[in-house]
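Undergrad: Going down the list, the sequences are from chains A and B. Residues 1 to 322, numbered by my numbering, are exactly what the first sequence covers, in order. Residues 1001 to 1156, numbered by my numbering, are exactly what the second sequence covers, in order.
These are calculated hints, taken from the structure and not from any lab test. In this text the structure is predicted, and so the values were computed from the model without any measurement. Some hints could be false.
Stretches of chain A that chain B covers, calculated by requiring three or more beta carbons in the stretch to come under 8 Å of a beta carbon on chain B [unchecked claim]: (1) 100 to 112; (2) 120 to 131; (3) 143 to 151.
Every residue gets a Cβ at the ideal spot worked out from N, C-alpha and C, and that includes glycine.
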Amino acid sequence: MLVGVVFFVFLINFINAIDRMKNRSLISINDYTTEEYLRILDTAEDFEANPRQSLLNGYVIASLFFEPSTRTRLSFESAISQLGGKIVGFSSSASSSVQKGESLKDTILTVNNYCDLIVMRHPLEGSARYASEVADVPIINAGDGSNQHPTQCLLDLYSIRKTQGKLDNLNVAFVGDLKYGRTVHSLAIALSGFNTTYHLVSPVELKLPSAVKHYIKEKDLTYHQYTDLEEALPHVDIVYMTRIQRERFSDPMEYERVKNSYVLTRNLLKDVKQNLKVLHPLPRVNEISEDVDDTPQAYYFTQALNGVYVRMALLTTILGIK
Amino acid sequence: MDKKEKRTELKVSAIENGTVIDHIPSHMLFRVIKILGLDNTDNMILFGTNLESKKYGNKGIIKVSNKYFESEEINKIALVAPTASLIEIKDFKVTNKKNVKIPGDIIKIVKCFNPNCITNHQNITTKFKVIQQKPELKLRCYYCEKTTAKDNMVFL
Ligand SMILES: [Zn+2]
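Generate the whole structure from the sequences, applying the supplied hints.
TA: Now the structure itself:
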């Protein structure tokens, strides 16, 4: 009897969760609760098992890329196409009326008439939030300047869960540019809901900002800071690599001094945990040497593929189909 | 109110009905007028600035005839004139006194400090959440999510 009641409550919560997500834009990683992320990840798992489903037949999705981002755009467009949806839009401002000086509001209000959902990427921060105020249809933010890129965060979570079998109680190393890396900030915040232990590896100039550490401290989670990658590696289940850019350094000599300290090589992976996986939001430059690619720890290319399933899950959930 | 302050008060004539906004920082007087939309009203308005104030050195004062402000409306000036106090007058008599309080959301008054924020590129009303009042006021932009603090706060 009790089991029946518990199941019933679970079912009601589940249905409510679906209802709450329907027609709701995804702009920032903070827009969703932990339960809502998990639901998207579960749905993404279904799509991985069975990606060709005609669920978006008859739907039109606008793909508005005000700045080029081939990787993200192709991932979304592949997800839409595999589900039978139609795509309208543009892949850079140069090929749209934006170049003629059209305001974002006018572009959104126009495109709004032609589609069921808008995926947008824009160089200015806050553009996606603004678009979601103007539009009648839901918006998925595919990156607004250095602010948010929530689908990247979802695919990172998906990849971690898939390789570790869980999200709770993991040791995660973030390596490289922790100060400016947008993907690092979103993922670090999202993981704070899963009792994560953080291993933060970066040059002193590029440490994780206190605004992000605030989320870690708020939940009383442990974090360790390192300037040496090798020191952190034996403790962790996930290594999240990012690129260090020369232009982030006030002193170019300092860049030259540290640039090779944050390069992951095959040699460094000799004495790591069995289950360790290496993630990277891509594109990489030289922070993961190519001899890592065929180690069992390399996961970054599969990680990119996972993006398609996560985006399928998000599109169908927001449209209220799944 | 001591004698001297009372005298400067009288430099701006009394009103029969309406609101007196007192203790405005002198350099913020015209901004307060603008925020409250008093530059665009038919009501009679009297104002004075650089008046002596015992408490603040100097101050500005505004008297608006036949107008009483809702808290929501008057709280908009809290960012520029946190020391302001309001006196409501009916038949030349004080009927009510109010202070200003910083509201939870700041709309239209402050510019986002982030040059890459959409509100600095298109005709969009700025919107902030007050995430900290003390020791230093901190506002989070509703759009770009960056924090504007007191030292980089610019008023529109
Ligand atoms: Zn902003």
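Undergrad: Next step is simple, just say for each hint if it's right about the structure.
TA: Results for each hint:
With 3 residues carrying a beta carbon less than 8 Å from a beta carbon of chain B, the stretch 100 to 112 of chain A meets the three-residue requirement, and the given coverage holds. Figure legend: the stretch 120 to 131 of chain A, annotated as covered by chain B; annotation consistent (8 residues with Cβ-Cβ distances under 8 Å, at least 3 required). Here the stretch 143 to 151 of chain A counts 5 residues with a CB under 8 Å from a CB of chain B, which clears the bar of 3, and the coverage holds.
In summary, this structure violates none of the numbered hints.
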